[in-house]
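**Q** So you can see what is in the structure, the chains are spelled out below.
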Amino acid sequence: MDGAFDIDEIRYIFFNMQVMEGQWGLLFSGLWMTVKIAVVAIIASTALGLLVSILRLKGNAFTNALLIGYLEFCRATPIVVALIVVYFGLPFLNITFSPFQSAVIVIVFVHAAYIGEAFRSGILAINIAQSEAAQSLGLTQLQTYRYILVPQAFRIVLPTLSNQWTGIIKDTSICTILAITELLKAAQIVAAWKANPTPLVMSTLLYLLILIPLTIFTMKLERKAGLKK
Amino acid sequence: MTNEPQEKPILHIEGLNKYFDDLHILKSLTTTIHKGEVVAIMGPSGSGKSTFIRCINRIEEPTSGQIFFGDIEVTGPDNNISNIRRDIGMVFQNFALFPHLTALENIMLAPTKVKKKSKADAKETALALLKRVGLEDKASSYPEQLSGGQQQRVAIARSLAMDPKILLFDEPTSALDPEMVREVLDVMVSLAKDGMTMIVVSHEINFIKEASSRVLVLVDGEIIEDGPSNQVIENPSHQRTKEFLGKIL
Ligand SMILES: Nc1ncnc2c1ncn2[C@@H]1O[C@H](COP(=O)(O)OP(=O)(O)OP(=O)(O)O)[C@@H](O)[C@H]1O
Ligand SMILES: [Mg+2]
Numbered sequence: 025m026d027g028a029f030d031i032d033e034i035r036y037i038f039f040n041m042q043v044m045e046g047q048w049g050l051l052f053s054g055l056w057m058t059v060k061i062a063v064v065a066i067i068a069s070t071a072l073g074l075l076v077s078i079l080r081l082k083g084n085a086f087t088n089a090l091l092i093g094y095l096e097f098c099r100a101t102p103i104v105v106a107l108i109v110v111y112f113g114l115p116f117l118n119i120t121f122s123p124f125q126s127a128v129i130v131i132v133f134v135h136a137a138y139i140g141e142a143f144r145s146g147i148l149a150i151n152i153a154q155s156e157a158a159q160s161l162g163l164t165q166l167q168t169y170r171y172i173l174v175p176q177a178f179r180i181v182l183p184t185l186s187n188q189w190t191g192i193i194k195d196t197s198i199c200t201i202l203a204i205t206e207l208l209k210a211a212q213i214v215a216a217w218k219a220n221p222t223p224l225v226m227s228t229l230l231y232l233l234i235l236i237p238l239t240i241f242t243m244k245l246e247r248k249a250g251l252k253k
Numbered sequence: 005m006t007n008e009p010q011e012k013p014i015l016h017i018e019g020l021n022k023y024f025d026d027l028h029i030l031k032s033l034t035t036t037i038h039k040g041e042v043v044a045i046m047g048p049s050g051s052g053k054s055t056f057i058r059c060i061n062r063i064e065e066p067t068s069g070q071i072f073f074g075d076i077e078v079t080g081p082d083n084n085i086s087n088i089r090r091d092i093g094m095v096f097q098n099f100a101l102f103p104h105l106t107a108l109e110n111i112m113l114a115p116t117k118v119k120k121k122s123k124a125d126a127k128e129t130a131l132a133l134l135k136r137v138g139l140e141d142k143a144s145s146y147p148e149q150l151s152g153g154q155q156q157r158v159a160i161a162r163s164l165a166m167d168p169k170i171l172l173f174d175e176p177t178s179a180l181d182p183e184m185v186r187e188v189l190d191v192m193v194s195l196a197k198d199g200m201t202m203i204v205v206s207h208e209i210n211f212i213k214e215a216s217s218r219v220l221v222l223v224d225g226e227i228i229e230d231g232p233s234n235q236v237i238e239n240p241s242h243q244r245t246k247e248f249l250g251k252i253l
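Heads up: the sequence lines are chains A and B, in that order. Position one of the first sequence corresponds to residue 25 (this note's numbering), numbered consecutively onward. Position one of the second sequence corresponds to residue 5 (this note's numbering), numbered consecutively onward.
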């Protein structure tokens with residue numbers, strides 16, 4: 025059967041620009057929604073992750089047990105399940121979030137756990153002499169974290185962080201189960217309506233529009249950090 | 005001793021003990037240091053020199069005993085230790101510069117963040133200090149771009165930027181290549197000549213002869229010798245001191 029591998033047929037199925045005619049607007053508005061979720065989630069999960077790491081390092085046995093439980097919960101739970109619980113489950117407790125809020129909350133909650141672990145090991149990798157030098161100059165513990173430990177930890181964990189950020193962008197696609205038209209959902213709508221998978225293929229290319237700048241951004245950060253090491 | 009009784013000591017340590025688990029490292033040390041004194045601390049490895057000097061600003065927590073810094077009890081439970089540390093400079097064996105900051109930023113950090121000095125003020129002081137330690141052209145270098153001797157001089161400038169009343173040094177030249185020892189000692193000698201009060205853990209006999217007025221010898225967590233440098237080095241009273249000096253001289 026030569027038909028299955030016919031180049032024209034592949035083009036007709038997966039790269040059918042006629043299908044895309046008039047549909048780019050919906051895809052780009054989906055892309056914009058994905059960017060919004062991702063940017064909010066990246067900033068919030070990084071900040072929360074930092075907080076988690078410091079709580080882990082400074083906390084007592086109780087907070088440590090709590091935070092270890094939190095991490096293990098995030099490891100064990102598929103992110104879609106967490107989203108379903110927050111969006112469809114919490115309303116039973118009269119706690120209702122919008123689809124956008126639910127998506128951000130779940131992504132931040134899960135990724136902050138991993139980012140927290142990364143920061144924790146980054147801070148632990150810094151020589152104790154750095155804290156001692158800072159404190160001998162009169163810096164408080166908080167100032168020591170803020171000006172000495174966290175900036176250095178950032179440089180150490182940047183590669184891990186960049187992986188997490190990429191993961192967050194990919195995880196925005198869980199929103200397809202909600203009434204929220206981000207990139208993948210937009211592509212699914214068009215694909216169903218046109219009965220052709222080309223929009224899905226196009227959506228993968230549009231994800232690259234976010235991932236490539238992010239990669240360039242983190243590479244620049246890494247180069248700068250390398251200089252200051 | 006010829007201490008003027010009317011002048012309050014800058015540092016008075018009374019019955020300082022330090023345990024690491026069951027190990028009794030510092031054994032009820034008592035000593036008094038006056039303004040302008042340059043006190044060298046010598047002693048064999050493991051005798052507790054670093055532990056002692058680190059207890060003074062409570063980077064190491066003393067197990068018991070009292071430390072008075074002027075009128076302030078460093079070991080007082082209600083005292084804000086960060087505030088006290090502003091006035092006690094410390095220079096480490098391995099420099100401990102902040103690798104993510106330039107030489108200038110290393111020196112400016114504590115004056116701006118701790119003393120809330122203006123950036124302009126702090127920068128002016130920092131540049132003057134870099135000049136003083138002979139590194140005015142290294143202001144924008146990162147630590148990894150500096151030699152060990154240069155890093156240690158920046159570290160001294162960083163301490164001086166807080167205008168400390170006393171400076172503690174823990175073997176400031178022992179991590180350096182021999183050809184860099186002198187440039188660091190020169191800075192320390194000039195500080196001593198300017199009247200800076202210093203406690204220096206060091207076995208650099210030339211520095212001790214040149215700049216220090218007094219030597220303490222610490223063996224097994226006890227001060228076995230305390231006197232003018234010449235006397236302790238030329239004519240020690242303890243057999244342990246003689247053995248120990250014989251090894252390093
Ligand atoms: N954090 C620690 N935990 C347990 N033991 C320690 C600790 N720090 C130091 N010690 C022990 O305390 C003793 C004194 O150590 P210290 O570093 O004060 O000696 P030192 O006189 O400075 O030696 P050196 O000349 O080698 O620097 C040593 O036996 C050391 O092993
Ligand atoms: Mg030592």
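To be clear, the hints were calculated from the coordinates, so they are not data collected in a lab. What you are looking at is a predicted structure, and each value in this text was computed from that prediction instead of being measured. Here a beta-carbon is modelled for each residue, glycine too, at the ideal position from N, C-alpha and C. Some clues are possibly wrong.
Said to hold, decoys possible - Subject to a maximum C-alpha distance of 27 Å in a straight line, what follows is the list of computed DSS-like cross-link-like pairs (lysine-lysine): (1) A/K244 to B/K142; (2) B/K142 to A/K82; (3) A/K248 to B/K197; (4) B/K117 to A/K248; (5) B/K213 to A/K248; (6) B/K120 to B/K142; (7) B/K246 to A/K248; (8) B/K123 to A/K82.
As the list claims (entries may be wrong) - Short, incomplete list of chain B residues facing chain A, as computed with Cβ under 7 Å: (9) F72; (10) G74; (11) S86; (12) R90; (13) A100; (14) K117; (15) I252.
**Q** Evaluate each hint against the coordinates.
**A** Here is what the structure says about each hint:
1. A/K244 to B/K142: holds (25 Å)
2. B/K142 to A/K82: violated (37 Å)
3. A/K248 to B/K197: violated (42 Å)
4. B/K117 to A/K248: holds (24 Å)
5. B/K213 to A/K248: violated (46 Å)
6. B/K120 to B/K142: Holds, at roughly 24 Å.
7. B/K246 to A/K248: The hint is violated at about 54 Å.
8. B/K123 to A/K82: Violated, at about 31 Å.
9. F72: Violated. Min distance 18 Å.
10. G74: With a closest approach of 16 Å, the B/G74 hint is violated.
11. S86: holds (5 Å)
12. R90: Since chain A brings a Cβ to about 4 Å from B/R90, closer than 7 Å, the hint holds.
13. A100: holds (4 Å)
14. K117: Hint holds; B/K117 Cβ to chain A Cβ min 6 Å, cut 7 Å.
15. I252: violated (25 Å)
Comparing the model with each earlier hint shows violations of hints 2, 3, 5, 7, 8, 9, 10, 15; every other hint is respected.
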